[in-house]
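S.K.: As a plain string of letters, each chain reads:
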Amino acid sequence: MKPPSLRRWVPSSRALAVAPPFLWLGLFLLLPFLLVLKISFAELQFGIPPYTPLAQFQEEAVQLSLHLRGYILLFTDSLYAATYLNSVKMAGVTTLWCILIGYPIAYYIARSSPAVRNLLLLGVILPFWTSLLLRVYAWVGILRNDGLLNKALMGLGLISSPLEIYRTDLAVYIGMIYAYLPFFILPLYANLVKMDLRLLEAAYDLGARPWQAFWRITVPLSAPGVVAGAMLVFIPCVGEYVIPEMLGGANTLMMGRVMWNEFFNNTDWPMASAVTCVMVLLLLVPLALFQYNQVRAQQPGGRR
Amino acid sequence: MKGPNKTLRALALGLGYAFLYLPILSLMVFSFNDSAVLTSWSGFSLRWYGELLRDDALLSAAWLSLRIALLTATAAAAIGTWAGYVLARMGRFRGFALYVGMLSAPLVIPEVVLGISLLLMFVELRGAVGWPAENGMFTIWVGHVTLCMAFVAVIIQSRVRDLDRSLEEAALDLGATPLKVFFSVTLPLIAPAVVSAWLLAFTLSLDDVVIASFLSGPGSTTLPMEVFSRVRLGLKPEVNALATLFILAVGTCVIVANRLQWRKEARK
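Going line by line, the protein sequences match chains A and B. Taking my numbering, the leading residue of the first sequence gets 1, the next gets one more, and so forth. Taking my numbering, the leading residue of the second sequence gets 1001, the next gets one more, and so forth.
Here chain A stands alone, though its shape is the one from the complex (with noise of 0.2 angstroms):
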């Protein structure tokens, strides 16, 4: 053995094992992030990029040019407002559902029997495997004028004629809330299945009704899974763009959507970058949330 020379060894070879996946995120996650915020500062004009450059060597000068005009139109133009407005606001309520049905199956799942519960976990995990893409595809099957569940109302006779559901922004809900539920319930059970049972004991031992016992105790110490699975739905509900293509209407403003759509069917990249800079400007909040989550998650907590 040589310690001398191995520890000069170590932090050498600790720097390069860290290295290279933060090679691969700095260069393929933040690299093209920034270029995002420099595109949305260009201007539209007709090439190959379609966008002008941010500085340019003229003259001996370099003429650094920044265009505000897609911030201008994001913030003169109301229909923007509304959009993001509309897509916070979808998120939030899909969230809200969200919590409110994944509660109680994720509490249920926590507190049962160790093969009984295996068995269940298992149906959540099964539909977070399957295609997102499939199971808001079979949705349009159901919620069409014609669909199954018209026609399960209808011939109960509960209705007489088809409620509109397809097309419309419920519609989406549904659907949002379908493709995002597994997301909140599985954090939230890690959470729940590792909670200390002897604490329940404890407070019903002095006296606790099992209502009070769940509401001060269990809810509390639910609360980090409570917020990563509500940041694992909320966020990327704001962005969301394929649920909203395949069952909301032509008038279902979302970010995601209008993106999508300036950058595809419009080609104005500049604009796109700059609705895509205002919609990561407006998660940064839950962002930050659920990054303090994750960071606080990686400490090793008091076991060492």
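Just some of the chain B residues that point at chain A, by a computed CB distance under 7 angstroms: (1) Gly1016; (2) Ile1079; (3) Val1112; (4) Val1142; (5) Val1231; (6) Val1250.
Bear in mind the hints are in silico, worked out from the structure with no lab data behind them. Note that the coordinates shown come from a computational prediction; the quantities given were computed from them, not determined experimentally. Beta carbons are placed, not taken as given, at the ideal position from N, Cα and C, and that holds for glycine.
Go by the hints and put chain B onto chain A.
M.R.: The following block gives chain B in isolation, referenced to the frame of chain A:
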């Protein structure tokens, strides 16, 4: 201790699972419907499965998606395992928060953001160095690996964290280099997690429509892109048939993997 309320439990779980499974079930049932009008039943038939086998556009898209998913899963499993291990074992280093941030961002960030940012980067790169010559399989692969490695890293780091550290420490004490310890002690112990992470990356890549739409080029239409372009306007029976096959395949894999793992845990 008092058990949970039986009626409430049955109600919550029953409704919850009905909500999760009825749509999938209806999708599968109607794939056997003879009529092209998907919402009314006209008799059992396998004709849409036959049409599926003759649908060249779908088949070639499926072949492309399968190749991308295989390459993505393998690369994402390797680099994601690496990243997850670093997260769990390397302690805090300079830039740790940025590292965690970048690694968990793809879990939540809307896919449209990932798609547009990578596309713009490839466009700039092409303008600067003329490479990659055109968008296609390679660019989609890069996008998918970036997305999937985050999911792999989450699975791996939680598995590594649960490992008994003393095994690795014993190997180090016996004179093994850290690299050797990783490959002959840690990796065999986390192998099942790596396999399930590989599978998750595979299905994520096979399912993605948004990132692929941004990063695809001429002649590289993936299966989800093809499916999406057909169903955005309404119901397509051949898609029901495809979905049924897909769900059965995924379901079988997940159930088998779960049973194997469960048996192993029960034996302990």
